Amino acid sequence: MNFPILSLIAFTPIAGILAVLAVPKKNEKLIRVIATAATGIALLLGIGLMLAYNYRDGAMQFVEKYTWIKTFNISYHLGVDGLSLSMVFLTVLLCFLACIASYRIEGRQKEYFVLYLLLETGMLGTFLALDLFLFYVFWEVVLVPMYFLIGIWGGPRKEYAAIKFFLYTLAGSVFMLLGFIALYFTSNPHTFDILELQKGSGGFAIGFQQIVFMALFLGFAIKVPIFPFHTWLPDAHVEAPTPISVLLAGVLLKMGGYGFFRISYPILPEAAKWFALPLAILGVVNIIYGAFVAMAQIDFKKLVAYSSVSHMGFVLLGLASMTATGMNGALFQMFNHGTITGGMFLLVGVLYDRTHTRDLKSFGGLGAQIPVYAGLLTVFTMGSLGLPGLSGFVSEFLSLLGTFPVFQVITIIAVSGIVVTAAYHLMLLQRVLLGPLNVRWKDITEINRRELVTLVPLMAITLFLGLYPISMLYLQGPSVAMLVEKVKGLLV
Amino acid sequence: MMNYPYLIPLFPLMAFAANILFGKKLGKKSALVSIAASTASAALSISAFVNFLRGSVASVSFAWLNVNGAPVMFGILVDQLSLMMLLVVSVIGTLIQVYSTGYMSDDKRFSRFFAYMSLFMFSMLSLVLSNNFMMIYIFWELVGVCSYFLISFWFEKDSAANAGKKAFITTRIGDVGLFIGLAMIFWLSGSPYFSDLPAIAQNPDRVLLTAAAILIFCGAVGKSAQFPLHVWLPDAMEGPTPVSALIHAATMVAAGVYLVARCYPLFAACPAALVVVAYIGIVTAFMAGTIALVVNDIKRILAYSTISQLGYMIAALGCGGYTAGTFHLMTHAFFKALLFLGAGSVIHGVHTQDIRQMGGIFSKMKITAATFIIASLAIAGVPPLAGFWSKDEILVSMFASGNYVIFGLAYLTSIFTAFYMFRLCFIVFFGRPRKADLHAHESPAVMTVPLMVLAFFSIFIGLVGSPLMHNWFGHFVTFGEGHHGGAPAGLIMGASVAAGVIGIAIAFALYILKWQLVPQAVRIRFTWLHTLLINKYYMDEIYLSAIIRPIALLSKYSFRFDKNLIDGVVNWTGLFSLFLSEVKNSFDKHVVDGLVNGAAKLVDLCSGHARRLQTGLIQNYMLFIIAGLVIILFVNLIR
Amino acid sequence: MIANLVKQILDLKIPEWFISLSVFYFILAATAIAALMVVTLKNVFHSAVALAVTLIGVAAVYLYLNSEFLAIMQILLYVGAILTLIIFAVMLTAKLSDRNIMQANEQKLASFLLTGALFAILAIAIVKMKIGEPAAGGTVALNELGRSFFTDYVLPFEFISLVLLAALIGAVALAFREKGDE
Amino acid sequence: MSVRELLINSVQFAPELFLVLAAFAIVLFDFLSRSKQRDLGIVSLIAFAVAGGMLWFISSHIPPQSSVYFSGMVTVDAFSTAVRFVICIVMFLAVLLSMGDRFHRDGDTAEYYALLLFMSVGLSGLSLSKNLLMIYLSLELVSLSSYILVSLTKREFFSSEASLKYFLFGALSTGIMLYGMSLVYGLTGSIDLDRTFAAVAAGGLNAGALYLAVVLVLAGLGFKIAMVPFQMWAPDVYQGAPTPVTALISVGPKVAAFAVLLRFFYKGIGDFGMNWYDLAGFLSVATMTVGNVIAVSQNNVKRMLAYSSIAQAGYILIGFAVPSALGKQSVIIYLLAYVFMNLGAFALVIPLIRAVGSEEISDLKGVAQKAPVAALALTLFLLSLAGIPPMAGFLGKFYIFSAAVQGQKLYLAVAGVLNSVIALYYYVRVIKYMYLDQPEKDLAVALHPAIVAAVIIAAAGTLSIGIYPEPFIRIVAGAVSIF
Amino acid sequence: MISITHVMLFSALIFAIGLYGALTRRNAIGILMSIELILNAANINLVAMARLWGDKSGILFAVFVIGTAAAATIVGLAILIAVYRNAKTVYADRINLLRW
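Residue numbers (this note's numbering), protein chains in the order written: chain C, 1 to 492; chain X, 1 to 639; chain S, 1 to 182; chain B, 1 to 483; chain V, 1 to 100.
Only chain C is shown next, with the shape it has when bound in the complex:
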């Protein structure tokens, strides 16, 4: 057994929690430093992981496996491949940046950072777990701190949003649990091991696959979120404090998509095939519907939240295509959505900190007042609307291109969604930055250095991946190819 780097990454935040707990409540500065250090170490480890990863090989790497509950053949089984590595990196990166953005959180900082770090462990564990039971445990571990983080430090309707988030996602995940259990009892020998289950994937009857797929779908769909299970999202995003919105959009939504990649598709390929068309339809509904609803928003944050719904539609579309191109696009889109929408939420937060409003109607003309902020907002907005040269374009492009041969009409409808997407994004830019200056904000201050630190890395990644996207495909391509091989795509 080699160096347990994955456990180290996943449990570094826990070490941070213990350290934070040891610090008296009053010493907020030290608490912040510890939390930042913990997330920073996790980030460094994540970068180390990226460097140590063998990009030629699409199989699992850095595998750790210890028996946990022998009775059920459950093991503590971690590993990364191209599917999870980008998600892990996204998680450690966003957690670090959002941690810096958390300095402005008001009150109860000790509790905040403890929950925050717990959240990070949960998210990392979800992406690293190779055992369904372990996966579920981490999946649920995410819910609890998230509930508190929204509920305690959220906006005016925080309680409603928090409980809604909790109930919705739990409702989905318990059905997911049933699906896992069904898989366990149907596999031979009984196992929760994802890799083992993948090997025996051909063995499940189609009817069984469909039922289990539906059960898992409920869990993942609510997380993604897929229309019509998305209504928790706008509330949660809007009420959550800025750093938590970042993680919610940046990482939590990915857990759902990742579940399709890691579990539903490789283990239940025939059901996936059978479900491709409905999924594609749901994807396009997400894209179009999300965009239309976003257009009607006058709340900055809500607009970004609904744009997430729209963006995640591309993930579904790419998944539904079951082609290498489409699935690469879907996975890539998950990463890009994390960086771009994460950045968008940070920007919303920056503005909100200064103006204490998110009402788009009350802004205007800020472009002349705070040009650096304006520039950043413009870049992220353009990334969000899928401007070529920024990463969002590439992934949307890939998933559409991958889907086109399989579902022409659906793709065409989806593509026309980019017009609406452009419309609401430009509307956003116009309402915030352009037009005559609202005199209320004539003394507004420019974005500060700390905020820049949180945003510039995201922008750099967005640009880099937009200009040189194949680098991401080097990372995820081999694993996606293996997955596609497994699901025997409708069209190669």
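It is worth saying that the hints were derived from the structure and are not from the lab. Here the structure is a predicted model, which means the values were calculated and not measured. Check before you lean on any hint, since a few could be wrong.
Straight-line Cα separation of at most 25 Å, SDA-like style, residue types lysine to any residue; simulated pairs [said to hold, decoys possible]:
id: 1; chain 1: S; residue 1: Lys-128; chain 2: B; residue 2: Gly-204
id: 2; chain 1: B; residue 1: Lys-441; chain 2: C; residue 2: Arg-108
id: 3; chain 1: X; residue 1: Lys-536; chain 2: X; residue 2: Ala-552
Use these hints to put chains X, S, B and V onto chain C, whose structure you have.
Frame of chain C; chains X, S, B and V shown alone:
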């Protein structure tokens, strides 16, 4: 000689980076950075051109993306067409940036302007050099966004911000078609490269091929402001005038024409697509030409003229006039840039855009006026200026294609062109000032020198395609259509000259001699026509009520749907609970209190009811268990 | 004539089993009626008296079932101890006004229907059990029963003593509280 | 039975014997000297600890001589030993809770602790019984002790009302059960479970009558586990009883009654020709739905926990409705988890409601900021009850759902998961008031050392079962392997 | 010879009557008495079955039932008196503060 064509776009990119990052420090020097970069690009373009003539073609490629398992290599395509475009873009771009240093000198976002200009140069040059669909799409979008930034450069004006948005969204509608088209190309062939287009065109599925071609053309419709997506271009005049000159006259709008030319192997293989192209082009040309007759804003006249001329080019391509279309693209770039810059100079001098307030400024702005009139003559097709040769070429190719309706409309349009251009010239430069406090003055040298250079090109550039130079251009940029043997070339050349002369003559009669050519009665009878034209065929209004409003409403209702229906899970739950709460007021608290959504409402409602079972009366409880027992036993009994 | 008839009737030889059975069914009927009175009489005190009758009737049934031991226990423990306690409690809590107020609550009808249904189900089940004749000589000797308490049934015996002890301690704790408190 | 035999027999029951002696000792001690009550608490604490230790020692070092003792009245096997051990834990925690609450300050502690000890003997008896008579007597011992325990807070009206209801309801249920037992006896000719099993297995019994008898027996046990339709007493009694007693009766009798239920059904009746699994499934769905749905609208924390415990019993019954080893295991695993998390929750409810002076959930506003540790611990237990990993409650749910899925009872699994979503809502409601709301008044939460100890034990149990369940699973698997 | 079935039917009747009483008597002592009827019904059954099978365990069971009934009555009455002391009533439908 150096031959690094792939460096051509990179210089402006570096200039962009320098200006956006260090714009504040650079101050006025940012203009120098940008100009130096585009000068370098121009020089490299010339060197590439020379090398190309010598037969040496440089190439470069790198893997950018994997699609369908095969890497998509990004590379450059240096051929006749792209070289022509490179030269046009880099030269005109350089001149316009020089001009801008004067025009924009007072602007507070001076360096930002040059940053955007450089970014545009980068995008446009890259677009021209692209060797595959994906790359061209990327830069296609990038020029679009540059256009957006530059149109709404003076974003404090709502109209500018709106115009930018409109431009971006309208062109994006076309891009949807382009996207689907290129996805179809991918699907049909698996290859995104232009070099494979002739092979792709062999695909037996003609319907799909035609569809793909038309969809790609949609992109051109948007970008080149063709009917019905032309509405953004006149509004785009809200941007600074050099922007209008560079982007919305000379280069970017020509990208659509370039795209069609680039994909000509595909179109050539699909006659139906060509017909669509031709008719869209001529309708655009005619319609915009007519609107230009009545517009009074100097830049808008030029904008409609641009639309009209682009329609001309498109129609030429649609009629098989590959050389004619591209040739006109080149000549038009020069004289239209000159026209815009001239107009900019006028605006700079008189601080208004309404021609009805100008007049008699010839004497005060001699260089401007002279170059402007040269350009007008060029566009009107007066020999031997540039426009004459290319327009003649187009008319010949239309006639040769045998489509006389198109030819007729094109001919009519060329009369209109001459007329409205000289209507403009006569009103602006001659006669007496219509406004008393018009303090017109000549622009500084940085502005007039580019005018003069462009005027030079406007006069002489056409010669490369003229019989005088043995139709060198036609041999250089050609799709092998040969010379139009069937057309009476001489006759058409005469007719073309006549059209220009007629147009100018009418304008002269109306605006210099003040003749009442049309009787009052007739004029009154045709007021509706005037109104129709003034309102631009009501296109904007139609869009507003047929598309924009419905979409806004749809969006609003989607949100309501989302908020009320989806969120309420099932509407009846809400109604049901409402009904119940009316029946029993005491339940209000439980119905309304802290509910998550419809399902939770239901649970809570049940809970509120069910807890009433717990009456506190022990014998009720006992009754309950007996009832339970009886039920359990009874169920078994009947089973 | 009539006297003759009377004489004849008086001379009729009634079989012993008939008398025994008649008495048995009479006891059943009387006990059932007494039980009914327990649950319906307005005066709780009267109910308690009816309960005594019922309990004695049940003891008689035990006799018929050859369980003299149990019959004795019934009389001693039930009637002697339990019922006495109940009557005490009745007197302790009785008020004069209670005589006139309703002793049954509003769920009489529902209760009647449900218990009726339950009885029907029970009766059907019992009839369906098709119980045959009891085993011959199925009586258990008294001394065997007595010995059982100290052999096979020693553990239950210990347990019931615990039960009684717990009840005693509890009852004392509950009943004696007033002294210290008030 | 010789003295020697008696002694050998008795060794296996030394813990119970010791507990009885301890009860006597406490009563006598109290009678002789009026000393501090706390000593009595510690005495009973030690008694339970010693009893547990003895049980541990005996089970690991003195193998039972035979499977049955006292003429087949009781049996000593892995199952009964495991349940007895759980009961020791329950009682130990219950004593700690009692010591932490102040209600017994005004006397009667000797009776209180003696009754606790008696009750524990009754619970042990339930888990050991192999005979209907012993089941009945043990149940009565448990019942009578708990009736009194509920009413031992003298002047509290609620407490005596709860006690009366508990008593009347319990007496009725016991009566019905007794009638059912008499029918079982009538059908099989024996009150020994082995023999009833043999009689049922031999066939020829009237299925309808047997079903009737079984359902009637279920009444008494259903009363103890608060199963629908015998759950009606629970909320009133839980609310009215002193909180430590509530904690105890929500756990102890439930564990023992489930043990009896398992033994009665698997060892006493079997499933020959009578499918009582469907009945259990139906009752399970009814129980959890009723419990969860009504709990949503509760404002009294004890009452809410009462409905919650009804719902928990519903989940456990799922394990009952599946005829598999996993089903039986899941019953015990869930019970084990339930013991720790429910007692843990009550352990914190005691000081919290004292501190805020109210049992209303909404009065717990902002407690987290005044008593962070208590709030955190309560959150842990509530989330465990809701089935969130990595707490014990999740393992229980996992087992239950596994059993349902394996047994192809999809409706049970779906009902279970839907219910656990509803349940989350009311558990989180408590958490919401504690954490999300701002405190309205200044309050000091005093944590008695006994409470702290109880919380630590419960939390350790809850977490260790959740995080590393393997040893527990192995013990439970061994315990239910007798069925 | 008496019919065991008839005895059992009689016991069922007593059981039903007891149930009815438990459900309808307002006085808690009345309820207690009704429950005694139920216990007696069970006892009759036990004894009848013991007679049927010629088995002693039924009789012994019944003895134990009588014993526990005594214990239960003691406890019940003690509780009742405690309630009476607090509420000044023994009517079960007056004692309903704990509800919902």
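* Asked: Holds or violated: are the alpha carbons of B/Lys-441 and C/Arg-108 at most 25 Å from each other?
  -> Roughly 18 Å between the alpha carbons, so the hint for B/Lys-441 and C/Arg-108 holds.
* To do: Decide if the proposed pair is consistent with the structure: S/Lys-128 and B/Gly-204, CA atoms, cutoff 25 Å inclusive.
  => holds (12 Å)
* Is X/Lys-536 close enough to X/Ala-552, meaning Cα to Cα at most 25 Å? -> Given pair X/Lys-536, X/Ala-552 holds - Cα atoms ~23 Å apart, limit 25 Å.
The earlier numbered hints are all upheld by this structure, with none contradicted.
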